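Each chain is listed here by its residues.
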Amino acid sequence: MWCICESLKTYANSSNGFKMRLLKIGFNTHRENFLYIYANAPLDTTKDSQRMTIVRPRLNDFHNISLTQEEAEFAIPFIDEDIPLYLDPFLLWKSPSLQDNSLHLLITNSFNRLGLLLSQQKEKEALELLVRASECDEVGLGNSKKKEGKRIGQKLAQNVLQQFSSIPQLKKSGFIHFEEIQLLVDNFSKDRVSDIACNFIQSFLVDFTIEQCEKHGFPIEKVRLKNLYNPKTFSFIEEETHLPVNPNSKKPIIFTPKRWLRNIPWLNTDDYFQNFFLPNIVKDEDEFPDKIKLLNFNRHNYDIVQAYTSIKEKQFENCKNDPLFTQIPITSARRKISTITSLPTGKTNNADKLFEQNVCQLMASLVYPHLDFAEEQSRTESGVQIRDLIFYNNKSSDFLKEIYETYDCTQIVMELKNVREVEQNHVLQLNRYLKEQFGKFGIIIARNPPPAKVVKNIIDLWSAHRKCILILHDEDLKLMTQVFESKQRNPIEVIKKKYIEFTRLCPS
Amino acid sequence: MSKVVIDEFKKVLNQLEGLHEEISSLSKKSYTDALNGFKLKMTNQVLKKTNKILGDHYKPFDDFEVFNEEDLPTNSDVALVLSQYINCMESLREENIFSKIEYTSSGSVAKIIWLWKSTKIETYPPKNVKR
Numbered sequence: 001m002w003c004i005c006e007s008l009k010t011y012a013n014s015s016n017g018f019k020m021r022l023l024k025i026g027f028n029t030h031r032e033n034f035l036y037i038y039a040n041a042p043l044d045t046t047k048d049s050q051r052m053t054i055v056r057p058r059l060n061d062f063h064n065i066s067l068t069q070e071e072a073e074f075a076i077p078f079i080d081e082d083i084p085l086y087l088d089p090f091l092l093w094k095s096p097s098l099q100d101n102s103l104h105l106l107i108t109n110s111f112n113r114l115g116l117l118l119s120q121q122k123e124k125e126a127l128e129l130l131v132r133a134s135e136c137d138e139v140g141l142g143n144s145k146k147k148e149g150k151r152i153g154q155k156l157a158q159n160v161l162q163q164f165s166s167i168p169q170l171k172k173s174g175f176i177h178f179e180e181i182q183l184l185v186d187n188f189s190k191d192r193v194s195d196i197a198c199n200f201i202q203s204f205l206v207d208f209t210i211e212q213c214e215k216h217g218f219p220i221e222k223v224r225l226k227n228l229y230n231p232k233t234f235s236f237i238e239e240e241t242h243l244p245v246n247p248n249s250k251k252p253i254i255f256t257p258k259r260w261l262r263n264i265p266w267l268n269t270d271d272y273f274q275n276f277f278l279p280n281i282v283k284d285e286d287e288f289p290d291k292i293k294l295l296n297f298n299r300h301n302y303d304i305v306q307a308y309t310s311i312k313e314k315q316f317e318n319c320k321n322d323p324l325f326t327q328i329p330i331t332s333a334r335r336k337i338s339t340i341t342s343l344p345t346g347k348t349n350n351a352d353k354l355f356e357q358n359v360c361q362l363m364a365s366l367v368y369p370h371l372d373f374a375e376e377q378s379r380t381e382s383g384v385q386i387r388d389l390i391f392y393n394n395k396s397s398d399f400l401k402e403i404y405e406t407y408d409c410t411q412i413v414m415e416l417k418n419v420r421e422v423e424q425n426h427v428l429q430l431n432r433y434l435k436e437q438f439g440k441f442g443i444i445i446a447r448n449p450p451p452a453k454v455v456k457n458i459i460d461l462w463s464a465h466r467k468c469i470l471i472l473h474d475e476d477l478k479l480m481t482q483v484f485e486s487k488q489r490n491p492i493e494v495i496k497k498k499y500i501e502f503t504r505l506c507p508s
Numbered sequence: 509m510s511k512v513v514i515d516e517f518k519k520v521l522n523q524l525e526g527l528h529e530e531i532s533s534l535s536k537k538s539y540t541d542a543l544n545g546f547k548l549k550m551t552n553q554v555l556k557k558t559n560k561i562l563g564d565h566y567k568p569f570d571d572f573e574v575f576n577e578e579d580l581p582t583n584s585d586v587a588l589v590l591s592q593y594i595n596c597m598e599s600l601r602e603e604n605i606f607s608k609i610e611y612t613s614s615g616s617v618a619k620i621i622w623l624w625k626s627t628k629i630e631t632y633p634p635k636n637v638k639r
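Protein sequence lines, in the order shown, are assigned to chains A and B. So the first sequence is numbered by the numbering used here: it starts at 1 and just counts up by one. So the second sequence is numbered by the numbering used here: it starts at 509 and just counts up by one.
Just chain B, same shape as in the assembly:
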């Protein structure tokens, strides 16, 4: 991944997580209620960007691109799809990062650094993604 793609990845992942948090709280309040048009439009914009980053291989569902506004998806539908996308983004990240161990002078492990492949950009360790 190039630096530009990594930056886009980080931005989109943050957006996905933000939307997921917001819509999950709505879903807890009323899971059968339809998500409003404005939020749905925003969600679709983020999903479009995510699909581009994930590509066919990492996309969670073959026959799903974005929500159809006319189908009135419920809060819980949207929360479910967003969580799937977050998991797939994490899978993609795992494939593109590696660890580097730094040792002390005595030979013990000082710290483990996680970096994006072929860059010097640091990242966090892989999350425990359920497979």
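With the rest of the complex left out, here is chain A:
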């Protein structure tokens, strides 16, 4: 098998005019035996350079894989930043899946083993395990802008381990939900809970990542994981495997199932304090506790923490994973469109900013899940604030596929203009952005239908440079909101309609 793999790799990288891309690796029950499968298509270098300029790029954008967040079973990683969600072990505990439950058990057992090591006078080993488990860069969850985190220090690790010896219940039987540690130790936050959980089930996540890569065609490379937890030996080991890598840093990436992700863990300090401690424990005459006092109290009254946990266990049905993007409700959409249409044009009473604010929120919800929202971009040009809406084009409908193929549009830019009448310079302004990842397609969102001379201008632009600029106005937004509400059609079809109308105007 090894010989076949090596020969294939040599052939693929040979200078016979085709640089081939590793598409997929099949493996048997052990991750050591692989079968490399290469695509015989040459790498598209122009598209590669285009992908490098994508705003807030995700892994699938870089590899030109059409996949919306809605379709993916995992949170699609960003290339330059972390996914702003955390793995909540409680979601594994409450899951109807036995696999998830057993993974939760693995996390809890692995964490409780730290207490066992402590009781066996192996404090040094326990400390090392905890420190190594405290950071998991490969999954890329959290708020880091650099995709790099720091492990916890010795002092904090000692503090955590101390709980196993100072709290009798923990000494005797350990944790059932190890995220309770947030309620006992200062500076131990949700990102630590998430990273520890990810580390203890990393082996499963590696298999999940390889499976998803095969399913969606993400290229994978040989990587060396330096911090892989082995549940059989309860230790961290190094292992060579095949994973997708970050194109910039070349570091391995591990996918996390999105059903396990939340903004904040189900058991968390704020919820404990606001909804349990204040109403049930604090009496009127008591002094309002600060965080240190609260944690001290918890350590001395662990049974109260257990009572809180058992209440939260009973409310498990309310514990849901958080999606990366949530559409605004229909009533809110209705309110937003009526605010937009009642706004005056221009800058009177900050109408332009209100227009931008409302359209951003509304449009991101209207076109979801067909278009994933990438970013609101604001910058100053010639002293005027310009705000764009940028969406990833995942070719999720025939219309989006067409604009991708015809106009090279990997990201869709929408320019917001709260003006009474769209002018030629607005079109030219958008035209200047139409390069690189935006291709030759852009949308202006204005207040009124464009005058004939502007329509002629955009048709001329198409005739001369094959660039397509659509102009949406209040009536189109109203129709989009109406179909969003009635669910009779998809709001994106309104944009398609505008595109068809545009193509009818173009000279044949």
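FYI, nobody ran anything at the bench for these hints, they're computed from the structure. There may be inaccurate statements among the hints.
Derived DSS-like pairs: lysine-lysine, alpha-carbon spacing no greater than 25 Å straight-line [stated by the list, open to error]:
hint: 1; chain 1: B; residue 1: Lys511; chain 2: B; residue 2: Lys556
hint: 2; chain 1: B; residue 1: Lys560; chain 2: A; residue 2: Lys498
hint: 3; chain 1: B; residue 1: Lys537; chain 2: B; residue 2: Lys547
hint: 4; chain 1: A; residue 1: Lys478; chain 2: B; residue 2: Lys549
hint: 5; chain 1: A; residue 1: Lys487; chain 2: B; residue 2: Lys547
hint: 6; chain 1: A; residue 1: Lys440; chain 2: A; residue 2: Lys453
hint: 7; chain 1: A; residue 1: Lys498; chain 2: A; residue 2: Lys453
hint: 8; chain 1: B; residue 1: Lys518; chain 2: B; residue 2: Lys560
hint: 9; chain 1: B; residue 1: Lys536; chain 2: A; residue 2: Lys478
hint: 10; chain 1: B; residue 1: Lys549; chain 2: B; residue 2: Lys567
hint: 11; chain 1: B; residue 1: Lys560; chain 2: B; residue 2: Lys519
hint: 12; chain 1: A; residue 1: Lys291; chain 2: A; residue 2: Lys155
hint: 13; chain 1: A; residue 1: Lys124; chain 2: A; residue 2: Lys172
hint: 14; chain 1: B; residue 1: Lys547; chain 2: B; residue 2: Lys557
hint: 15; chain 1: B; residue 1: Lys511; chain 2: B; residue 2: Lys635
hint: 16; chain 1: B; residue 1: Lys537; chain 2: A; residue 2: Lys487
hint: 17; chain 1: A; residue 1: Lys478; chain 2: B; residue 2: Lys537
hint: 18; chain 1: A; residue 1: Lys498; chain 2: B; residue 2: Lys549
hint: 19; chain 1: B; residue 1: Lys547; chain 2: A; residue 2: Lys478
hint: 20; chain 1: B; residue 1: Lys567; chain 2: A; residue 2: Lys401
hint: 21; chain 1: A; residue 1: Lys456; chain 2: A; residue 2: Lys435
hint: 22; chain 1: B; residue 1: Lys549; chain 2: A; residue 2: Lys487
hint: 23; chain 1: A; residue 1: Lys487; chain 2: B; residue 2: Lys536
It should be emphasised that the depicted structure is a prediction, and the values quoted were computed from it without experimental measurement.
Got chain A; can you put chain B on it based on the hints?
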């Protein structure tokens, strides 16, 4: 009209009236809302059959065949077109029916029967079509 054409006429007219009733009620609820893709597809199928029956002479609009799904026609647009088609179907029917009067033994009118021309298939009297 042959028996086969009359049968097809009756079937298509029933379908047109059913769609018109359904879409009119949607239009009353929200006239600016777009009709969903499924209903539009069904409507277009019926309109295609209707165009065939009406021919160029009775077709309500020269430049209209069926709805373009990408144009997102609204409920009221579709209701309007359907009502025009129903009226034109009635015009075609009027041209193809005749009345036969049956008398009593005393010479007074017993009943008026409406029949499709050159057949013995009965039909109902012409509706009061606005022209």
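Verification of the supplied hints:
At roughly 20 Å between alpha-carbon atoms, Lys511(B) and Lys556(B) fall within 25 Å of each other, so this suggested pair holds. As the CA atoms of Lys560(B) and Lys498(A) are separated by approximately 31 Å, the hinted pair breaks the 25 Å bound. The straight-line distance between the Cα atoms of Lys537(B) and Lys547(B) is roughly 16 Å, inside the 25 Å bound, and the hint therefore holds. Under the criterion of a C-alpha separation no larger than 25 Å, the hint pairing Lys478(A) with Lys549(B) is consistent with the structure, at around 24 Å.
Between Lys487(A) and Lys547(B) the CA atoms are separated by roughly 13 Å; this keeps the pair inside 25 Å, and the hint holds. Between the alpha carbons of Lys440(A) and Lys453(A) the distance comes to roughly 21 Å, so the proposed pair stays at or under 25 Å and holds. As the CA atoms of Lys498(A) and Lys453(A) are separated by approximately 18 Å, the hinted pair is consistent with the 25 Å bound. Under the criterion of a C-alpha separation no larger than 25 Å, the hint pairing Lys518(B) with Lys560(B) is consistent with the structure, at around 14 Å.
A threshold of 25 Å between alpha carbons decides the hint, and for Lys536(B) with Lys478(A) the separation of about 18 Å falls inside it, so the pair holds. Pair hint Lys549(B) plus Lys567(B) holds up; C-alpha atoms about 20 Å apart against a cutoff of 25 Å. Simply put, Lys560(B) and Lys519(B) have alpha-carbon atoms about 13 Å apart, close enough for the 25 Å limit, and the pair holds. Distance hint between Lys291(A) and Lys155(A) is fulfilled; the C-alpha atoms sit about 18 Å from each other, no more than 25 Å.
For the hint linking Lys124(A) to Lys172(A), the alpha-carbon distance of about 21 Å falls within 25 Å, and the restraint holds. Among the hinted pairs, Lys547(B) with Lys557(B) is consistent with the structure: their alpha-carbon atoms are about 16 Å apart, no more than 25 Å. Between Lys511(B) and Lys635(B) the alpha-carbon distance is near 21 Å, which keeps this suggested pair within the 25 Å criterion. Between Lys537(B) and Lys487(A) the CA atoms are separated by roughly 14 Å; this keeps the pair inside 25 Å, and the hint holds.
A C-alpha spacing of about 16 Å is found between Lys478(A) and Lys537(B), which places the hinted pair at or below 25 Å, so the restraint holds. Of the supplied pair hints, the one linking Lys498(A) and Lys549(B) holds, its CA atoms being roughly 20 Å apart against a limit of 25 Å. At roughly 22 Å between alpha-carbon atoms, Lys547(B) and Lys478(A) fall within 25 Å of each other, so this suggested pair holds. About 37 Å separates the Cα atoms of Lys567(B) and Lys401(A), which puts this hinted pair outside 25 Å; it is violated.
Between Lys456(A) and Lys435(A), the direct Cα distance comes to roughly 22 Å. Compliance with the 25 Å bound is thereby established for this hinted pair. The suggested pairing of Lys549(B) with Lys487(A) holds, with an alpha-carbon distance near 17 Å, which does not exceed 25 Å. Taken as a hint, the Lys487(A) and Lys536(B) pair is honoured in the structure, with Cα atoms around 17 Å apart against an allowance of 25 Å.
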